[in-house]
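Undergrad: For the protein sequence lines, the chains are A, B, C and D, in the order given. So for the first sequence, the numbering used here puts the first residue at 1; every next one is plus one. So for the second sequence, the numbering used here puts the first residue at 1; every next one is plus one. So for the third sequence, the numbering used here puts the first residue at 1; every next one is plus one. So for the fourth sequence, the numbering used here puts the first residue at 1; every next one is plus one.
Possibly wrong hints are sitting among the right ones.
Unchecked claim - Quick partial rundown of chain B residues pointing at chain D, CB under 8 Å, derived from the structure: (1) 30; (2) 247; (3) 248; (4) 259; (5) 261; (6) 265; (7) 318; (8) 321.
Stated by the list, open to error - Taking beta-carbon pairs under 7 Å as the criterion, some of the chain B residues facing chain A (in silico): (9) 14; (10) 17; (11) 20; (12) 120; (13) 124; (14) 125; (15) 245; (16) 254; (17) 257.
Worth flagging that the hints you see were computed from the coordinates, not collected in a lab. Values in this document were obtained by computation on a predicted structure and should not be read as measured data. Every residue gets a Cβ at the ideal spot worked out from N, C-alpha and C, and that includes glycine.
Protein chains: 4
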Amino acid sequence: MGRIGRVYAENLAHYVPAANLVAVADTRADVAQSFASEHCVSKWYENHHDLLSDKDIVAVAVATPTSTHEQVVTEAANAGKAIFCEKPISLSIEEAEQMLAAVRRAGVFLQMGFQRRFDSGYLDAKRKVDAGVIGRPVLITLTSRDPFAPPLEFCDPKISGGLIIDLGIHDFDLARMFVGEVSSVYATGAALAYPEMKSVGDIDNAVVNLVFENGSLGLVQLSRNAVFGYDIRTEIWGTKGSLQIGYFRHTPVLVMTKEGITHDVVPHFIERFATAYLNQIQNFVENVLTGSAPSVTGADALAALRISVAATDSVRDKKPVAVHCKPRQDGTE
Amino acid sequence: MGRIGRVYAENLAHYVPAANLVAVADTRADVAQSFASEHCVSKWYENHHDLLSDKDIVAVAVATPTSTHEQVVTEAANAGKAIFCEKPISLSIEEAEQMLAAVRRAGVFLQMGFQRRFDSGYLDAKRKVDAGVIGRPVLITLTSRDPFAPPLEFCDPKISGGLIIDLGIHDFDLARMFVGEVSSVYATGAALAYPEMKSVGDIDNAVVNLVFENGSLGLVQLSRNAVFGYDIRTEIWGTKGSLQIGYFRHTPVLVMTKEGITHDVVPHFIERFATAYLNQIQNFVENVLTGSAPSVTGADALAALRISVAATDSVRDKKPVAVHCKPRQDGTE
Amino acid sequence: MGRIGRVYAENLAHYVPAANLVAVADTRADVAQSFASEHCVSKWYENHHDLLSDKDIVAVAVATPTSTHEQVVTEAANAGKAIFCEKPISLSIEEAEQMLAAVRRAGVFLQMGFQRRFDSGYLDAKRKVDAGVIGRPVLITLTSRDPFAPPLEFCDPKISGGLIIDLGIHDFDLARMFVGEVSSVYATGAALAYPEMKSVGDIDNAVVNLVFENGSLGLVQLSRNAVFGYDIRTEIWGTKGSLQIGYFRHTPVLVMTKEGITHDVVPHFIERFATAYLNQIQNFVENVLTGSAPSVTGADALAALRISVAATDSVRDKKPVAVHCKPRQDGTE
Amino acid sequence: MGRIGRVYAENLAHYVPAANLVAVADTRADVAQSFASEHCVSKWYENHHDLLSDKDIVAVAVATPTSTHEQVVTEAANAGKAIFCEKPISLSIEEAEQMLAAVRRAGVFLQMGFQRRFDSGYLDAKRKVDAGVIGRPVLITLTSRDPFAPPLEFCDPKISGGLIIDLGIHDFDLARMFVGEVSSVYATGAALAYPEMKSVGDIDNAVVNLVFENGSLGLVQLSRNAVFGYDIRTEIWGTKGSLQIGYFRHTPVLVMTKEGITHDVVPHFIERFATAYLNQIQNFVENVLTGSAPSVTGADALAALRISVAATDSVRDKKPVAVHCKPRQDGTE
C-alpha cells in the first residue's frame, strides 16, 4: 500500500466496475486496515501469504518493493492467482527468469505494469505508426526527467537498481514497442546535480544510445533535475514523417505578465499518468475476465530489464554492451 | 437519460463513492431499464413523478429537456429533495423566477449545473485572479465554438433557446464569475455557415459585447462551425497581466510530415469536460451531505439566463439592451 | 524623422537597392542633418516645401504627424511626386477626401502605409483564404494590444484620433482585406487601466463589432494594457476551416524553472513588423519604378478611416452606426 | 559564389553599411561577372589569386569548397588580408593546424563562420546561461535535422566529411560555447532513410554522446530525414532550470481544418538563419574595423573539427574515442 499500490487499490475499489476488490495487504497492519475501512474493502491482511490463501481472490495486483517481487509473484503463481505486477519485474535478470519459469509452470496469467503503454498519447502514436503515417521508423528518442531525486536511501542501486533501471526501463519498454528488439547499448552517466548520490553509487543524469536489431537507432535521456516539472517526451523519426509525444502543460492556463508568458507543467507521474494507470488496471481485469492474452508480457518486462542492465553496465565499463533479448522458442516468455 | 443525463448517471453509479444511485427515470422505459440493469442500479422509473415519490431518494439530478425543468424542479422541491439541475434553468425568465420561488418556499437545496466552473483550468484561473496575479480585470473575452451544428430540430429556439442561450449561457456564467454583474449587452448574429437554420429561426454565429456594472468590458464569440474540433477559450485582461485559458490539443501528439506539423483537437464537450462533469456532481453530493451552500446557485442561473435573453433580443432589435440582475434583498436567490 | 520616419529612411538608405535616398526633411534641422550625415544621404531639408521643390526627387515617403498629412500630401501631389503616406491618412474623412481629390487631379501615384499587409504571416493567410483552404469566411476576429499607453499628450484624440482610430485602423484595414466592405459597427470602450486618460478624452480598451455587407460578422479588440508585450492576433473562421495568425514569441527560447515554463513576447510594433516595414517600402519603390498600381490605395485608407470614425462615434452614442464605404464610380478612389 | 557565398556577397553588397564590397571571385567567370553587374560590384575575378593580389581589398570572406580552404586561407594570410572563413575549416585536423599556423605567422585577423552563434535565440540563451538563470549546466542536447539529403555526390565523405562533420560541427561548436571542452565521444550512425548513401560511404542518421572535461554530459542528434522541414533545437539542463531553444514555425499561421491544427515549419537553413548570417558578417566587418578580437576563432573551428572527427571514428570503430582539445599555450589558437 505504498504510493503506487494505493493508486491501483483506489482504482480497483471505485473505478473498475467489473472488479470487486476483496482484500488489501500491507506489512503495516494499520495502513491496510484504515485503507480497507475507508474504501469499504471487506478484508485486509498483514502479509501476502494470508491474502494469497484467500479462496475468494482470483487475481492480485503486486505493488510491493521490487526486491520482494520474485517471492510474491512466485507464491501467487503457485496459488493459481492471475497476476498483475508493477515494473520493474526484478533488479536481477536471473531472478526475473525464475519468476517467469514459475508462472509458466503454474500456467497462470501474468500481465506486467508499464502504464505509459495505456496513455492516450502513446496509444494514438502507436496507431499512427502502425498505420504507416510516418513510414518506417529509423530513430527513436525518449526522454524521462523527474522533477527531483528520490530520497537518497531509495537511490541506492541495491534498492532501486539505479537511475537507468528505475526510470529508464519505461523508455526501453516504449522503444521496443515502437521499433523492435535492441541489439546493443552504450551509455554515459554521472551524479552531476546531486553530488551526494555518489555516496550510494547512483547517478542523476544518463544518456543511452540504442542500436536495434533492424538497424534503427535509439536514444534515451534520463535525469532527476527537471526542476520545472515532470518531463516525459518521445519522438519517433520515420522515412515519411515524425511523431512527437509530449505533455508540458498541466492546466491549460497561460499567465501573461511583464516577466513573460508562463504556464505550469504536470508535476509528476501520478498526475501525468493518472488515466493511464486506471486504463492499465482496467485492461488487466478485462483480460483476466475474457481470457485474453496479457497486453504486456513477462517477456516484455524481462527484455526491458535486460536493456536496463546492459546500459548500467555500459556506464560502469565505458564501452558498448550487447543485449540478448531472444524470445523463448515456445513463445511463452 | 439523454447524453448528459447518462454522464451524470454513470458518474453517480461508479465514480462518486459517497453517493448511492438508487434509481433512474426516463419516459422511454426500455432505456431506463437497460441502464439500470447494466449499471447495477436497483430501481428504474418511467416518469419523474414515481421517482420523486420514492422515499429512499434524498437528492435528484435533473437532466430532462429544458422545457420540462420548471415542472420537474418544482415537483422535486415540493417532494423535499435536494436538487441538482442542468443548465439552462429555463428558456423563460418568468418561469425561472417561479422555480426559484418554489425552491425557496420548500426550503430545499438547489445547485445548478455549469460544469466549466469545475474544470481544472478555470479553477486555477479563478484562484490566480483572486490572488491578484493579473491585477484588476478590465476586459474578458470568451469563446465557445462547437465543431458542428446540432440537428435542425434541436436548433429551433422554442426548444434550445437559440444559439446564444444554448451555447453562450456558459460564457455569461463565467463572465459573472470572473468579473461581476453585467449591465448591458449588444449582439450581432446570423445564420452564415448553415443557411438552413434560417428556416427554424436560429443563427450559427454571434458576437456579444458586454458592459459590466463595474465598468469593465466583455466579449463573447459563439459559433457552430469550428470544423476542426471543440474550441473553448477565455482570456482575462487585467491591469497587471492577463490569463489565457485554452485547450486546443486532445492527445499530446504532433504529427510532422511534408504537409506541416499537425495535432488534433478535443472533439467535443463530453471529452473536454469529462473530469469537470465528474467534479461537479461530486461537489453537489458533498454539499448536500455536509449541509454546505450550493456552489452554483439558482440566482447564478437566472442571471446568466437574463444576459442570454438580453443578447438574443439585441440581435433581433439591433440595439444595446440593458440587463437587470438585481439579486433579491433576502439573498436567497 | 520621428520613430516610424526613421524606419523608412533607414530602410531606403540601406536596404532597398533599387532606391536612392536623395534627401530627408525634419523641422528640427539638427535631426535632419545628423541623420543625413550618419547615413550618407546627400541632402537634408528643414521643411517639406524645399524637399518637394527638389527636382532630383521623384518619390516621397510621408511620415509626418497625421495632422499635417493633408498639407504635405497635397503639396507633394501638386509637385508631381509619387507618394507613400503612413497611416492614418487623416483624422477627418472630409480632409481625406480632399487629399484623394488632389491626388486624382495631379494624376500622381499614391500608396498608403498599412504594413501588416506585408507581413509574411498575413501574406500567407491571404493566399490560403484566396485558395479556399477555409471555405467562405463567416467571422473574423482581430486583436491589437499595445504593451503600454503612449504618453498622455499623444493620446489626446485631437492628435491621435483616439484609441480606435490610432490602433484599430490596422485591424479595420485587415478586416476589409480578408472579408470585404463593412456596413455597420457597434463599439464599447472605456478608460479602465489608465484612468488618467479620461482627462484628455481617450480610452484604453475597446471592443468593436462589425457587420459586413456580405452578412459576415467581425470583431476587433483594442487595448493599451498587454503588459507582457505586443499582442497582434487575427482569426478567420470559414465554412471549411479557420486560420489563426499569431505571434506571441520573440526569441525561440523557453525558460523552464520552478516557476513554470516561460517565454518572452515580441515587445512592440517596431520589432514585430520590422520585415513588414521593409517589404512595404520596397513594394512602394517597385510599384513606382514599374508603373504598377498601388498595393494599398487611398480608397483603402479612406474606408478604414470611415470604419474607425463610425466605431468612435458608436462608443460616444452607445448605438450601432452605419458605415458608408461606397467606392467612387470611376474606380480611382 | 555558391549558395552560401552568395548570401555573404549579397549581405556585404547591400546590408552591411560599413563594408564596401570591392570584388567577387568564382572559377565560373560568367557567374562572377553577372553577380558583379547585378549588384553594382566594381570588380570580379576568375580565381582567388587575382582577388588576393588586389590592393584595394583589406578583408576577404572565404566560402569556397572546404577542400580548397587550406590553400585559399593560407594565401589570403600571406597577402595580409583579414579573413572570414566559412565552416568547416577543413576536413583534416592536420591541414587545419597548418592553416592556423600560417595565420599566426602572417599575424592576420581570422574569424570563423558558425552562424548559429549570431542567432537571436542562441544569443539570448547564452546571456541567460551566463547570468545563472538555470544554474550550472549538467546536460546539453542538440538536434540538427535536415529536411532532405544533399545530392549523393555531395554526401561523399571525401567532399563533405560525412554527416557528422558536415552537419554536426555546428552542434559541437554550440556545445563548447555553452558547456566547455569535450573529453570523449561515442557515436552510432547508419544509412537508414537513404540506403543509397552506403554506396558513397555516408550515413543519414547519427547519435553522438559527449562527455565534457568538467564532467557534464552531452548529446547530439543528426538526421537528413526531417521531411517536414528544418529542425534545429537545443536544450540545456542545469541545476536550477533549463532552456529550450527551438524554432518549429515559419509563418505564425495555424490552419485549422477537419484534419487537425497544422502549421508550417521553417524550410531550411537559409531561411532559419538569414538574420544570423547577416549579423555574423556584420560582426566580422565590425571586428576588423575596430581591431577587436575575432568572435569565433580558428581554435574554435579546430576544436569543433576534432570532436567531429572523433565522432566519425567512433561510428566506424564502435567504441568511445578521446578528444584532445588542448588550446595552445600562447593563446593564439
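Undergrad: Could you check the structure against the hints above and give me the numbers of any it violates, in ascending order?
TA: 1, 2, 7, 8, 11
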